[in-house]
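**Q** Line order of the protein sequences matches chains P and H. Residue numbers for the first sequence follow this note's numbering, so the first one is 937 and each next one is one higher. Residue numbers for the second sequence follow this note's numbering, so the first one is 51 and each next one is one higher.
Please note: incorrect hints may appear among the correct ones.
[Claimed, not checked] Coverage of chain H stretches by chain P, computed from C-beta distances (three or more under 8 Å per stretch; other residues unrestricted): (1) 76 to 84; (2) 136 to 142; (3) 153 to 159; (4) 276 to 288.
What the hints contain is simulated information worked out from the structure, not anything from laboratory work. All C-beta atoms, glycine included, are put in the ideal place defined by N, C-alpha and C.
These are the residues of each chain, in order.
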Amino acid sequence: MSTAIGITGLIMNEPLIFESSSEGKRAVETPTSDVGDVRPEEFIAAELLRTDIAGFPEVSEVGVVRHFVRLSQWNYGVDTGFYPLGSCTMKYNPKVNEDIARLPGFARLHPYQPEEFSQGALQLMYELEEYLAEISGMDAVTLQPVAGAQGELCGMLMISAYFARQGRPRRKVIIPDTAHGTNPASVTLAGLTAVPVKSGSEGILTPDAVKGVMDEDTAGIMITNPNTLGLFERHIKEIADIVHEKGGFVYCDGANMNALLGVAKLGDMGVDVVHMNLHKTFSTPHGGGGPGSGPVGVKKELEPFVPVPRIVKKDSNYSLDYNKRDSIGRLRAFYGNFGVLVRAYAYIRAMGSEGLKKAAQMAVLNANYIKENLKSHYHLPFDQPCMHECVFSDKLQFEKGFSTMDIAKRLMDYGFHPPTTYFPLVVHDAIMIEPTETEDKGTLDGFIDAMKRIAEEDPELVKGAPHNTKTKRLDEAKAARNPVLKWRPGAKG
Amino acid sequence: MPYVPHTEKDIREMLRAIGAKSVEDLFRVVPEELRLKRPLVLPAGLSEQELVAEMKKLSATNATVDDHISFIGAGAYNHYIPSVVNHILLRSEFYTSYTPYQPEISQGTLQAVFEYQTLICQLTGMDVANASMYEGASATAEAILMARRINNRKKVVVSSALHPEYRDVVKTYLKAQPVVIEEIMHCNETGKTLPDAVERHIDEETSCLVVQQPNFFGCLEDLKSLGELARKNGAIFIVVIAEPLSLGLLKSPGEFGADIVVGEGQSLGNSLSFGGPYLGFFATREKYLRQMPGRLVGETTDKDGNRGFILTLSTREQHIRREKATSNICTNEGLCALAATVYLCALGKNGLMKLARLNLSKCEYLKKALQGIKGVKLAFNAPTFNEFVIELDREPEELLKILSGKGMWGGLPLKRFYPYLDRHILLCVTEMNTKAETDVLIDGLRGAL
């Protein structure tokens, strides 16, 4: 074992920006008016005008910069180290894509500037739709949804609209117990009812279970493949056939699509609608919780229902088409998270077909490597070949007196970000590890070593973790009992 | 292969440790007939240098708001973004991290969001704000869904001067809800949503009243009277703000009785970027806190008694509540909220107020000059902030083409959204439009009409 990379470093204390404010400071000067200064009262009734923004900060430029740089140092990112957060696909975010998204020809475009001046932007979007359709095996793609959950809503609304158009509305959607929490929430928002179905003893869905609940009032099934246990739903085709036979649709949550790039297409498995998380599979940064992008691919049958506007190519000219009678309408203003689309497009262009397949292969190799190496020390509820992630539980450690939460916190002391914990719900006290393909063997070995050492550590040491972080375990109950959600003048610093 | 670090030796050793014969062998759980037998049809991979060249070429086929003199706003505003904003956004501890589920190593994101929530409350006059929504339009839809959770009433009353694309999004989000959406026609003289007109729609069945401030035409609504009407009928008063710089000039909606204030935060340090990613903000009164969608950061202490921040009240959210959650939102727009936070701190109180006044001055300058041109008149007489509508003596397409030929984007024709406003253009003026540029537009219009 080499030296652990997690040691205490030079970490500064930093108050809230409001607490370091002093009257009269400012970082950025506003230009002097070249048209003279109007008196606002001449145009707007005085009682509507603001004379102060109580509590608003006043800080110098150095003050602003140091403040946020110090905050950034309290954060752990993919660029800091290994971030095996299951189902989140924390792969490396290529630096060059940050530069590309900031090119003026992408960043400085107004969404309503005349189309003839936005041809490159429209071309990029049009081609990205084509790439994503090819990768997922779908007939058409919309880039409008800005997150996976909005993609789910989009998919459910389209399916609903399809049945409404047929004059035979359906009310139910089947959702496996391994699904992400957004799935049932999106179904509800679309006015449908979630019908839960249990996965079988092997951790995957069985055709019989689906057959048991699928009927002609069921609009379809929402399936995640590979599922959140990291297992390939190998009966997916048969399940799709069962759903199709009763006239339903198969929706796939594409959150875990990283395992399938160039290996298999969801469209070939009977999937009719899929959302893809560009901020997972296609390397765009997670940004501390967004912005993401959740394009949705559909088969021909559902194409009339995709959101407007559509990007249309005629000869070599691109334009936006708002005229689609059956479209579910808009999910957001303008066209999608364009800046995120640019990064994903650049990623696909850099990787090419071969690169994407290699990414999937190495992601699966890494996950299996961790699984095989840790199963001697951690309980592995489903001992079978995994795809992009593997799920353990704290069963063996719990007997010794520490839990999933403690293991997660202790990993911080070793310099690693914890895996996803307590999800999926089907595994009691789950530890869900997704290494992604951008990590090398050396990093994985370091992580495996840390996990093994933790398993054998003094329970009291583990329960008190993290020991090396600037902030120790936080009182979650206190935050919820008496919510303090903003700074108040005079509050203690 | 870019971004994949494995050596052949690593791969061999790892396969041996797993007990697999080959990489393909790892995929044996994928049934043979489902496996792809050919390579994906995609352009060949590129080196970084080739990629940059290719992307520069593609980006150059677009024209930007820097190449043209642009007077287009309508929900996306061209403001100067101080250099510090981008430098902070490029701190990769911020942009390569996930949602702060592990607070001990996410205090940077958490404190920044706590500061963001505070800034939004200060600007809107609300008690609580969430960590962000997708963008203005879907935030508006979520506000309406929240109003329904509060009072479960069936009618939603929306001003026709709410951004047309926001109204479209509201319709999509409410598709499955048992509600009626009634649109109140704005006044053709003032450009405002008149209380009289609202009174004809609002009643005890009304869940919420939704207006935009300044409205889509740039006109200032009479929030006080509208708020009173909502209150009188027990409806939730939702104020939508598409241009939050206006809050540097105008009193907060909270002072006029708003129950929920939502809007688009792009103006605050986020680039135009062809319409996204943008920033939905969402704020409300304390008593409605538990009905609010989205993530919240709260203050607490760690086990040493030191102040720290943590995601809180997550029992409202989908990962706990699943189908009973207040919303399905999961990923939000964290980095855009960070941009807004840095932007607002960099401008500070006086900077923001001064910049808002500068926008007003520039806008009034153009307004005044246009009134002297034959064939142009102001469409509405309500006060405005940095946008307003003009009416021409003809349809504007030809004219806008001429101007565009001279390097100007002379505003947004409104016919696409309001067929009867077929000679109308929405113009926006910000601090980015110099007097010289504005004079070019004035001359251009004078010459063409």
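**Q** The structure should be examined with respect to each hint, and the outcome stated for every one.
**A** Against the structure, the hints come out as follows:
Judged by the Cβ-Cβ criterion of 8 Å, the segment 76 to 84 of chain H is covered by chain P as claimed, because 8 of its residues qualify and three suffice. For the segment 136 to 142 of chain H, the stated coverage by chain P holds: 6 residues have a C-beta nearer than 8 Å to a C-beta of that chain, and at least 3 were required. Given as covered by chain P, the segment 153 to 159 of chain H passes the check, having 7 residues with a CB less than 8 Å from a CB of that chain where 3 are the minimum. Interface restraint, the segment 276 to 288 of chain H with chain P: violated (0 residues with C-beta to C-beta distance below 8 Å; minimum three).
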